[in-house]
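Take a look at the letters that make up each chain.
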Amino acid sequence: MESKFYEGAVRIPSGCAISGFINRDGRLSDGGAIIRSIATMHDRSNGLGGGFAGYGIYPEYKDYYAVHMFYEDTFVKKQTEEFLDEHFDIINLSKIPVRKTPKIVDEPLIWRYFVKPLPTKLAESQLDEDEFVSRCAFRINTFMKGAYVFSCGKNMGAFKAVGYPEDVGEFYRLDEYAAYSWIAHGRYPTNTPGWWGGAHPFCLLDFAVVHNGEISSYDANRRNIEMYGYKCNLQTDTEVITYIFDYLVRKRGLTLREACKVIAAPFWEQIDRMPEKERREAEYLRRVYSGLLVTGPFSVILGYTGGLLAINDRLKLRGMVVAEKGNTTYIASEECAIRAIAPTVDRIYAPKGGEVVIAEVNR
Amino acid sequence: MEIYAKGIESRQLNEIIRGCKDDKIVIRGVNGQRFIACGLDKKDVTAVGTIGNGAGAYMQGGVLRVEGSAQDATGDTMNGGEIYVGGRCGDAAGYAMRGGGIFIKGDVGYRAGVHMKQYGEHKPVIVVGGTAGCFLGEYLAGGVIVVLNTENKENPVGEDMARGMHGGRIYVRGRVTVPLPVSVTARKAGSEDMLFIKPYLESFCVAFGGSIKELTSDEFTLILPAAGNPYKRLYVHN
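Chains as they are written, first to last, in my numbering: chain A, 374 to 736; chain B, 239 to 476.
Computed from the model, here is a short list of chain B residues facing chain A with C-beta under 10 Å: (1) Val268; (2) Gly270; (3) Thr288; (4) Ile289; (5) Asn291; (6) Gly306; (7) Asp329; (8) Asp345; (9) Tyr348; (10) Gly371; (11) Gly396; (12) Glu397.
Pairs of lysine to any residue, SDA-like flavour, derived with a Cα cap of 25 Å: (13) Lys725(A) / Arg411(B); (14) Lys391(B) / Gly727(A); (15) Lys473(A) / Ile483(A).
I should point out that these hints are in silico values taken from the structure, not numbers from a laboratory. The beta carbon of each residue, even a glycine, is placed where N, CA and C say it ideally should be.
Next comes chain A alone, as it looks inside the complex (with noise of 0.2 Å):
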């Protein structure tokens, strides 16, 4: 990676945005939307890191997972190849198409790989599918150096790259996919290095996370979340939230909601106030969960298959607006960025810290 992407060797004051929407009657919309969205907020990046998101993207190939990587080499390409040929039924590859553009540099290699578990191998893994693709994720990031899964779920995908998101959307030919959600972001790394990795948003299986803020208690969740054989080897501290959601809602079965009460918690106080049944469920996440509390700013979009989730620390130290126009709901840092693709909406307003918001496909 080059030094000059390292925090510190560029210092613009300025902060993270984030942006989404989701169409709720299934709608598909192709990227130009969620890139004029994020970029009104350009003032909010450095040019460091710049994502998106898309769901309902590959609808040809809706029942594979869909790998999104980077290579640093052909060399780990060829390694990983192997890896994934050993394990997946691979029914597609490609380089993802890109647009060159003078503003985005120092790519790395950037392929796509539709898969299917081998059946042979999951009987004989005996995990269910979901786990086993996640499982080989985190063995290709932490122990294939150079090579990194950004993105592997059923019917989205991820793109992401150094450099203004206006010009990550450009560069990934984002007008050419339709999708029913998407979800931006616009980086300012302060604590790691800008670098490809590094970028938002941050994806296991169809869950993807774009966030603004700081995790104060990022090593105590990282620490918390690594017992239960997560891996945190993409230097920055979002990727704990991704993977908080992955292993509360996924594996431990909780719904998004109850995710969030551990996350962004009441205070005891507020605790104490709330009615009996409210408060012994609150309790009890809190116990049971204390170290994947959530602490210091954020405001995060969460997407998913067939919705979104927004919350802010219980705090409120980072902006976000919520706003609803027919069917589509808008979800961003600024008012503007809202503006920007909806100029008139039917409602506009701003949750409150640890107010969960919640937008979904209509079945």
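Given chain A's structure and the hints, the job is docking chain B onto it.
Using the frame of chain A, we list chain B on its own:
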């Protein structure tokens, strides 16, 4: 002068505003440009659209009217002049304000009026037509904050309001049900207390409609610091 702001970035837009010799400036198509009317002295600036962060920061005088919403840090450390926001307003409005007034028709976000202070003739005021988020008037040292809750929502203010307040006054139309720190007292505002905020309510009604009579026909809660020096013995015993 009229400016169409679409596609003009913050720095350039502010240079145009500062360089403009007219007393009245109307900016249309504003969307997210920051620091508009920052350090404004005497002009009358109208911004149509969603004004960006730090609007009217360090304002000395003049008027900034926003026909639309304002984002975060509106009127940061302003010394004088007036800001009128016709929609909602984001977080941290009027942070460390030292004079002038901010009038918001809709809701204001978290941390409005944190560490406002007053000295002599310089008395800052924030009037919120809707509701206010948590930490309203935190560390308030002076000035006046009024929350009108004109739409009669259940909670006019959020939690942790007036934490560390040691000066100034907070008026809330209706009852305050959130817990208050021990260092402040809350009581029903009397007629003299109401006289104190009448000019501010007049400015609000002139800007956004409504009648003072109707607004003041309801009970207001007045929050004041409990004593002249509420933190005297917080950290040490002498």
